[in-house]
Amino acid sequence: DQQVKQNSPSLSVQEGRISILNCDYTNSMFDYFLWYKKYPAEGPTFLISISSIKDKNEDGRFTVFLNKSAKHLSLHIVPSQPGDSAVYFCAAMHPGGGSQGNLIFGKGTKLSVKP
Amino acid sequence: ETGVTQSPTHLIKTRGQQVTLRCSSQSGHNTVSWYQQALGQGPQFIFQYYREEENGRGNFPPRFSGLQFPNYSSELNVNALELDDSALYLCASSDGRVPGELFFGEGSRLTVL
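Chains as they are written, first to last, in this note's numbering: chain P, 1 to 115; chain B, 116 to 228.
These are calculated hints, taken from the structure and not from any lab test. None of these values were measured; they are calculated from a predicted model. All C-beta atoms, glycine included, are put in the ideal place defined by N, C-alpha and C. A couple of the hints might just be wrong.
As the list claims (entries may be wrong) - Using 25 Å as the maximum straight-line C-alpha spacing, the simulated DMTMM-like pairs for lysine to aspartate or glutamate come out as follows: (1) Lys56(P) <-> Asp84(P); (2) Lys71(P) <-> Asp210(B); (3) Lys54(P) <-> Asp210(B).
Unchecked claim - Label-pair restraints from in silico Cβ distances: (4) Gln133(B) <-> Arg17(P): 43 to 53 Å; (5) Lys114(P) <-> Asn194(B): 26 to 36 Å; (6) Gln14(P) <-> Ala153(B): 41 to 51 Å; (7) Ser74(P) <-> Gln133(B): 36 to 46 Å; (8) Asn194(B) <-> Gly83(P): 37 to 47 Å; (9) Pro176(B) <-> Lys5(P): 35 to 45 Å; (10) Asn194(B) <-> Ser74(P): 39 to 49 Å.
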C-alpha cells in the first residue's frame, strides 16, 4: 500500500505562471518531507524539504506547504520556467531515525512548462 | 568535487543469473543508499550502508545484498535474477548534514530477459 501518493501523473503550465504539485501521505508518523526533481537520464536531485514542525518552507521560487491535519503537502513554483520541466517526486523520511537514506517516494508528477 | 558515479549504465541479463552494480560515492560522504525504480514508479529503498555496515533495509529479499568499502564505494549484488528485477538501480550518497538530502547517481538500467 502506497504511503506517499502523487495522484497527478502530469501537469502542464504556461511559462511565468504558478505550478502547484500535490502530495498526500498516510502515515502520521512521518516527520520530514522532501521534494526531488529528476531530468531524463539523470538521477533525482534534492530540491527542498520541510519538517513537520513547520507549515511552510521557502527557497527562492520554490515553496513547500505542509498541512498535517490533512496529511497533504504541496510544492509551489513561481514563476515557472521551461527549465523546470522535469519529474517531481515527493518523499517522506521513514520514521524511526537512524537510517536517513530511507526515503519513501511517490510515483512522481511530470511537469511541463510551455514557453 | 566528483559526484556519484555508477557502472555499468546499461546491462542485460537472463533470468537466474547474478549481477553486480557499482557505485562511487561523492567525496566526503560516508553513507550510501540503493534504490530500485521500476518503470512508472518512484524509487524504492533497498538498503543503506554506513561505515561499511548495513543500517537499514527495505522490503527486498535476501538475494539483494550489498557491500560498502573503506573508500565508501559500494556494490549492489542481486542473485537469481527474476524478470521483475528489470529496473533502474540508483545509488545515492549523503553526509547527513541535511536530513534526507541524497546525492544520486544516474543509475544502472538492468534488463532481465
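Each hint, compared with the structure:
1. Annotation: proposed proximity of Lys56(P) to Asp84(P) holds, straight-line Cα distance about 21 Å (limit 25 Å).
2. A hinted pair counts as satisfied when its Cα atoms are at most 25 Å apart, and Lys71(P) with Asp210(B) does not qualify at roughly 29 Å.
3. This hinted pair checks out: Lys54(P) and Asp210(B) have alpha carbons roughly 24 Å apart, not beyond 25 Å.
4. A C-beta distance of roughly 50 Å is found between Gln133(B) and Arg17(P), which places it inside the suggested range of 43 to 53 Å.
5. At roughly 46 Å, the beta carbons of Lys114(P) and Asn194(B) sit outside the given window of 26 to 36 Å.
6. At about 32 Å, the beta-carbon gap between Gln14(P) and Ala153(B) misses the expected band of 41 to 51 Å.
7. Taking 36 to 46 Å as the suggested C-beta distance range, the pair Ser74(P) and Gln133(B) conforms, at roughly 43 Å.
8. For Asn194(B) paired with Gly83(P), a C-beta distance near 42 Å keeps the hint of 37 to 47 Å intact.
9. The given range of 35 to 45 Å is broken by Pro176(B) and Lys5(P), whose C-beta atoms sit roughly 25 Å from each other.
10. Here the CB-CB span from Asn194(B) to Ser74(P) is close to 42 Å, well matched to the stated 39 to 49 Å.
Of the numbered hints stated above, those contradicted by the structure are hints 2, 5, 6, 9, listed in ascending order.
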